[in-house]
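For the protein sequence lines, the chains are A and B, in the order given.
Residues 0 to 610 (numbering that gives the first Met the number 0) are what the first sequence spells out, left to right.
Residues 0 to 384 (numbering that gives the first Met the number 0) are what the second sequence spells out, left to right.
For the record, the hints were derived by calculation from the structure and aren't laboratory data.
Model, not experiment: these values are computed from the prediction.
Any given hint could turn out to be false.
Stated by the list, open to error - With a straight-line cut-off of 35 Å between C-alpha atoms, the simulated DSBU-like cross-links for lysine-lysine are: (1) A/286 / A/528; (2) A/257 / B/86; (3) B/133 / A/185; (4) A/193 / B/86.
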Amino acid sequence: MARLRKPKEEMKYILATDVGSTTTKARFFERKPEGWRFVIAGEAPTTVEAPYEDVTLGVRNAVREVEELTGHKILAEDGSGIVVPFDGERGVDLYCTTSSAGGGLQMMVAGLIKTMTAESANRAALGAGAIVMDVIAQDDGRPVYKKIQRIRSLRPDMILLAGGTDGGATTHVMEIAEMLKAAEPKPRLGLGYKLPIVYAGNRDLRPQIKKLLGEVFALTIVDNIRPVLEVENTEPARRAIHELFMEHVMSHAPGYLKLMKWTDIDIMPTPAGEGMAMQLIAKVFEKNVLGVGLGGATTNVYSVFEGKFVRSVSANLGMSYSICNVMKTAGIENIMRWLPFEMDEEEVASRLMNKMIRPTTIPQTLDDLIVEHSVAREALRLGLEHHKTIATRLKGAKIERTISDMFEQALAETYIDLMKIDIIAGTGGLLSHAPRRVQSMLILTDAFQPEGITWMFQDSVFMMPHLGVLSTVYWEAAWQIFDKDCLVRLGTVIAPRGVANKGDPVMTVEIEMPNGETLTEEMHFGEIKRIELPEREEAKVTISPRRGFDVGRGPGKRVEGTAMGGVVGILLDARGRPLQLPENDKERRETLLKWFLDIDMYPEDKLRELV
Amino acid sequence: MPKAKGKRRVSREAYAYTPGLKVKRAMLVRKMRRLPIPGKVLVEEGDEVDFKTIVARTELAGEPEIVKVALLLGIEPEDVPRYMMKKVGDEVKEGDIIAHYRAFFGLIKRDVVSPVDGVIESISDITGQVVIRKPPVPLEVDAYIPGKVVEVLPNEGAVIETNAAFVQGIFGIGGETHGVIKMAVDSPDEELTADHISDDDKGAILVGGSLVTLDALRKGVEVGVSCIVAGGIRHRDLTEFMGEEIGVAITGHEEVGLTLIITEGFGRLRMSRRAFNLFKSFDGYKAAANGATQIRAGVMRPEVIIPHSEFYEEKSGDELAAGMVPGTPVRIIRAPYFGAIGRVHSLPIDLQQVETESYVRVLEVELEDGRIVTVPRANVEIIEE
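Chain A extracted, bound-state conformation (with noise of 0.2 Å):
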């Protein structure tokens, strides 16, 4: 457990690492007067591989990095690690890292029925920074011969069990259990030490557990994952899983044992830090927040929905290792959607296959650029589906059920309303590294097609999984150095739910300017409209939707409420919820580059040449 060595008013600077699959990216912080800001980046290919075999080469390149950008020495002379404390001349107070290096944490998740206890225990299990092998339940279809291939074909680092409610099912539990023992499930991380099971089931099992794993396991007994069907109860099964991370899982993999010596914080997996900072955001702001972190080789979504934390991860959604799955899972002809442009199928294929083979190589030209973009919007379409998938009602449990629900086809399995998200962040290399802010927002606007009026977020350079791991410690510091340096706020989506044809009238809205003055805009079906509201000031706007476009408080009637400034500005988005692209080639391709002109979205004589 964390262990500070200095008490935190007298702290000066802070470093932060996370050790990713490829990057070991760290990012160095310092007091000023003003408060905690972030001060410099540095970073170097991780090190968890052979030759090397050891991650603390890449953390101390890294540092190294920082050190000769800033003059500020880190690293002991002895090469023994980073000074902690700070001595007055070389050091920094407080080290934590996250790490996602050699795949971060895989785990298999198995319970008693899949649409209750597996389900609850695949949150949890999702919720603690994991990616998910597969979820075993005894009513997931497949027979128990297929479920044994399959538990021993997988190389997890963790099993999850759960099963019954306290006081409910026994002998189905044990029968899944006894199928776990009997399979048996060897550890990814050499074969030299017992694999970690955390069991998170009926408690009346646990002696026969007990009896049946302990041995061959290094079984830890937690509180029910669903002590009755009406309640969900992931935390203990989530504290476990990361204390075990950190002495079974970490300590396995080459040259953690003396990382973990070097920091005086836990280390947690990369996604479990991206999960707090956006935690971060919901509690600071008291909103709902949909957060994504979009990678090369998978895309995290987590949502904070009235209070609820739920996290998602699509392991092969990617933008450059499983760029070509999102190809695959999309369908090409979704990804050639977003193309302002005439371009082969083939042609397309091609650059994503080349771009999956030679994963580091970036965009030259503008349209290899707006390919990328292409298949980001579908990578996050994809992932949010899947994140509603996850993001669901307890079932199993009873709902009390209106007239109006039995009209409405039963009750919508996920409760991610896009209307009641309050903000969008986004965070990942293609995200951050978008020439024009505008093309994120743009991005994260037409893939998870926010309704009413939605801020939008993006992280300025990677470094929220470092801020979410130390605000485990640190909340102000954390919190002082995401507001200033590492939340850009992009501006406002202002969006209509409905549709209706082309150049029918959609809304009107007045913005009253910080400058006193006040805008009224009329928008029609099909377009959108970028006004400049600069960051740190808001307006205030009034939205009166016509019949049929509803923007909160139902269809056609008025919503007043606060647009967030930004480095893009407000956008008024009329193209329908859902939007709507002409189903016509030449006619879509000529409205994808309206839509850019109007926004500002690439430099424009290139995108006219282009088209």
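Chain A is fixed; fit chain B onto it per the hints.
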């Protein structure tokens, strides 16, 4: 392309770059051959091995078979031990009675027979299930390349070393195979089509030029070609050939009838002259090839290893190349100059804006035709000489 303002600064050497794929006429190739679980090593240090020599052997625990005895006998789980005819550790054959239930003076009789050959592993009085473990499955690992055992990894396997020509591809499918190198085309620009393949190519490692077509792949399978090596392939041909689209570049386990190795990328791409000429000079040699590719976490590229003892690598030592300097040969690996080959002209230090408007680290490359072009440093790879 816009240039950075002010005085131009250049670096003498760059360290952050993409290492190129290896194309070597001679080098010491070492292969670690390991069992996935502990077992017995069958070779000793100093032993000479051939392609197919078995290096290590083990037994994989058999699959468990779960028999729901309580359910089948119609009894309570806690009563199961009472009705078992076999105990934990007993061997059983398929069809053997393992549990027997009698009631009402023999009027009700029920038997449970073993569905498999195996050993009784557990009898549960909580679930009423019996686990029967099937016999273990033998597992072997061969040498893959001929050469000398230079290290024995106790209980795991061995390291084999040989002098060989070594060519890395960028992407492949299918696993380890062997065959004789055969040139299917005359130049690296030529496409490899079905017409280039005949029955004589059975078991060969066939080398094509710029593109392998779908009909060539199918003909290769029909004839029994071991491996096809070519510069490029069309995405739709690969999808059609495999029967599914590739999502993530983790390959090697496909069972498609042959191993395929692509040296340049997707599309029609001339095989690098170096690689083509190297294959040509080893026409008729026996080689080992593997299509396994894994791009994430511990990059693994497909390879062709051609063992020979005609000449040896001049420089010894490890392969960590020096940095990139003016004059270093490079290949551009992304549009708009994808596939072009040239030499580093200069390495400007300051970030420069490219067409996308991004500011990136760049380098200037003098192409083979004399043009000097600016590209992001991330978009070139070094050609190892």
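To see whether the hints hold, each was checked on the structure:
1. Note on residue 286 of chain A and residue 528 of chain A: the hinted pairing holds, with a Cα-Cα distance of about 25 Å set against a maximum of 35 Å.
2. Restraint check for residue 257 of chain A and residue 86 of chain B: not satisfied, since their Cα atoms lie roughly 48 Å apart, outside the 35 Å limit.
3. For the proposed pair residue 133 of chain B and residue 185 of chain A, the alpha carbon gap of about 18 Å is at most 35 Å, so the pair holds.
4. At most 35 Å may separate the alpha-carbon atoms for a hinted pair to count; residue 193 of chain A and residue 86 of chain B meet this at roughly 27 Å.
The structure shown violates just one earlier hint, number 2.
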